[in-house]
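Undergrad: If you follow the hints, you should be able to join the two separate chains into one complex; please do so.
Chains A and B, in that order, give the protein sequences. Our numbering puts the first residue of the first sequence at 459, with every later residue one more than the last. Our numbering puts the first residue of the second sequence at 770, with every later residue one more than the last.
Read the hints as simulated data drawn from the structure, not as lab findings. Wrong hints could be hidden among the right ones.
Just so you have them, the derived chain A footprint on chain B, three or more residues with Cβ under 8 Å [said to hold, decoys possible]:
1) 855–861
2) 869–875
3) 889–902
Each pair of labels, with its calculated beta carbon distance range [stated by the list, open to error]:
4) B/Thr-835 <-> A/Glu-538: 21 to 29 Å
5) B/Asn-910 <-> A/Met-459: 46 to 54 Å
6) B/Arg-833 <-> A/Tyr-543: 44 to 52 Å
7) A/Ala-577 <-> B/Asp-841: 22 to 30 Å
Only pairs whose alpha carbons sit at most 25 Å apart, straight line, appear in this in silico DSS-like list of lysine-lysine [to be verified]:
8) B/Lys-905 <-> B/Lys-852
9) A/Lys-508 <-> B/Lys-771
10) B/Lys-883 <-> A/Lys-540
11) A/Lys-508 <-> B/Lys-905
12) B/Lys-771 <-> B/Lys-831
Note that CB positions come from ideal geometry on N, CA and C, so glycine has one too.
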Amino acid sequence: MIEIAWDNFTPWSALAGGIIIGLSAAGFILLNGRIAGISGILGGLLVPQKRDVFWRIAFLAGMFVAPLLWMMTAELPPIEIKASYPVLVAAGLLVGIGTRYGSGCTSGHGVCGLSRLSARSLIATLTFMVAGFVTVYIIRHLITGA
Amino acid sequence: MKFNLASFGAGLLFGIGLLVSGMANPEKVLGFLDIAGQWDPSLAFVMGGAILVGLFAFTVAKQRTTSFLGFDMRLPASDRLDKRLVIGSLLFGAGWGLAGFCPGPGLVALGAGKSGALVFVVAMVAGMGLFEVIEKNRARN
Chain A
459 MIEIAWDNFT PWSALAGGII IGLSAAGFIL LNGRIAGISG ILGGLLVPQK
509 RDVFWRIAFL AGMFVAPLLW MMTAELPPIE IKASYPVLVA AGLLVGIGTR
559 YGSGCTSGHG VCGLSRLSAR SLIATLTFMV AGFVTVYIIR HLITGA
Chain B
770 MKFNLASFGA GLLFGIGLLV SGMANPEKVL GFLDIAGQWD PSLAFVMGGA
820 ILVGLFAFTV AKQRTTSFLG FDMRLPASDR LDKRLVIGSL LFGAGWGLAG
870 FCPGPGLVAL GAGKSGALVF VVAMVAGMGL FEVIEKNRAR N
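Excised from the complex, chain B in its bound form (with noise of 0.2 Å):
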């Protein structure tokens, strides 16, 4: 219960950041995203802000074996830089900067009421979909 609570807590957290970062805006991301034109560096802002938070509280992470809520502290053991990572990477920031929603904003804009963020929204489920079907396959092969 306390771990869903807290869940719930940080999802809306990251949404409210999100709107009043104007990240939840695709334009915002595209402003950003596009150097050659007139360049708007907000994006960088957010995630100097985010990271800022973030340093210290992974700092304090990384020391403990469980969260303060008595949870196990799970951080990414991997640290393998492969092919998976780059191409995974490059096909999502193609998508990116296809329409200016990554994950996040895609779903704060469906919150919204934005249709174009629920045709974006089911299409990414149905990418990582194909995923999970890709993988299957390979798997039994």
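The following block holds chain A by itself, in its conformation from the complex (with noise of 0.2 Å):
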């Protein structure tokens, strides 16, 4: 059975950044006419094309400063990093070449591409959910032992 942890359920901000990325992805394609998906801003840098570099730094770079503002004026939420340098880089890329294989990621896939009602991102989410859920099963439970 599914045990909630309720401790950790932060149902109100989670929706309310949930809605602040649904802005961000609605105002990226009602005004620029693209998808926010960020695996795919950042693997086109590596393949630059005339006239298609700046506005990929442009938004990765909002990414990058969101943190660094948000500091400026208040403390920034927990971010807890507990994977070992290893696994980090194991991480770093398989979801490097996953995202770039599979066209996408959370982002692209799971917000943008759901929200257009596309079967391919649809199929593309379910797939990296489970496998979500398999790997952390695997270290949490089947090699941790927790």
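TA: This is the structure in structure tokens:
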């Protein structure tokens, strides 16, 4: 049976943050006509095309600057990274190569793709969610035995 | 100029949304992925909130050929359900479950000055580079 972690569950801030993310994706498609898919925006920089570089850097810079602006006015919410450096390297490699073969990540497929009712994005999202569940299950319950 | 400015604004808003939602925190994401442990459903609410807004925006976007700033409306054309999509998503999901990072939160945590995020982002860019190298070699052969 599924046990809910009531102490950690933050439905309102999750919903509010989700709406802000949705507004970002909405603004981006309606103003610029592009999909707010982080892996695609970043990956496109590795094969730079003419007149297709600066907006990518601008978008990624916006994401990078967000916590810096936040810190000027308020304390940053917790960012706890418990994985070791070797695990982070393996995770990064898998996320990098996987999102490029799969043509998207949580933002491009999960948010934008599901919003435009794409079957391809639904398959991708279900696939990476299941892979994530299985991976965490193996690490937390089979290997660590917690 | 307008295009770049809107891109920066969208990226900034996206980053703030990730911070507000708690999803910039890998432990929070892993709490969602750990369905056999103490499960934190927050991530589902983030997706729900984002898709709620997105549904309206993409309904409007689909009916237009240009954006409101006058740029081409570029919606993905592919509807192929192929091996690449599934295998790529499997690899991504495995990496996501390993550390609790997907691309967006990785960049936000990097901006927050976390050394672990730097390691993750550098490896992620290397993984993307590996994809380009493999694809280039395949195209040549």
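Undergrad: Quick one, are B/Lys-771 and B/Lys-831 close enough, alpha carbons at most 25 Å?
TA: holds, 22 Å
Undergrad: Mind checking, does the stretch 855–861 of chain B have 3 or more residues with a CB under 8 Å from chain A?
TA: Three-residue rule met by the stretch 855–861 of chain B, so holds; n is 7.
Undergrad: Just to be careful, I want the Cα atoms of B/Lys-905 and B/Lys-852 compared with a cutoff of 25 Å; is the pair within it?
TA: holds, 19 Å
Undergrad: If you check the beta carbons of B/Thr-835 and A/Glu-538, does the distance land in 21 to 29 Å?
TA: violated, 43 Å
Undergrad: Range hint 46 to 54 Å: satisfied by the CB atoms of B/Asn-910 and A/Met-459?
TA: holds, 51 Å
Undergrad: For the pair supplied as a hint, B/Lys-883 and A/Lys-540, confirm whether the alpha-carbon distance does not exceed 25 Å.
TA: holds, 11 Å
Undergrad: Does 44 to 52 Å hold as the CB distance between B/Arg-833 and A/Tyr-543, or does it fail?
TA: This hint holds: roughly 46 Å between Cβ atoms.
Undergrad: Go check the stretch 889–902 of chain B versus chain A for me, would you? Three or more residues, Cβ under 8 Å, otherwise it fails.
TA: It holds, with 13 qualifying residues against the three required.
Undergrad: When I compare C-beta atoms, does the stretch 869–875 of chain B have three or more residues closer than 8 Å to chain A?
TA: With 6 residues close enough to chain A, the hint holds.
Undergrad: Does B/Lys-771 lie within 25 Å of A/Lys-508 when you go C-alpha to C-alpha?
TA: holds, 17 Å
Undergrad: Holds or violated: A/Lys-508 with B/Lys-905, Cα cutoff 25 Å?
TA: holds, 19 Å
Undergrad: Given a hinted range of 22 to 30 Å, is it respected by the beta-carbon distance of A/Ala-577 and B/Asp-841?
TA: Since the Cβ atoms of A/Ala-577 and B/Asp-841 sit about 24 Å apart, the hinted range of 22 to 30 Å holds.
Checked against the numbered hints listed earlier, the structure breaks hint 4 alone; every other hint is satisfied.
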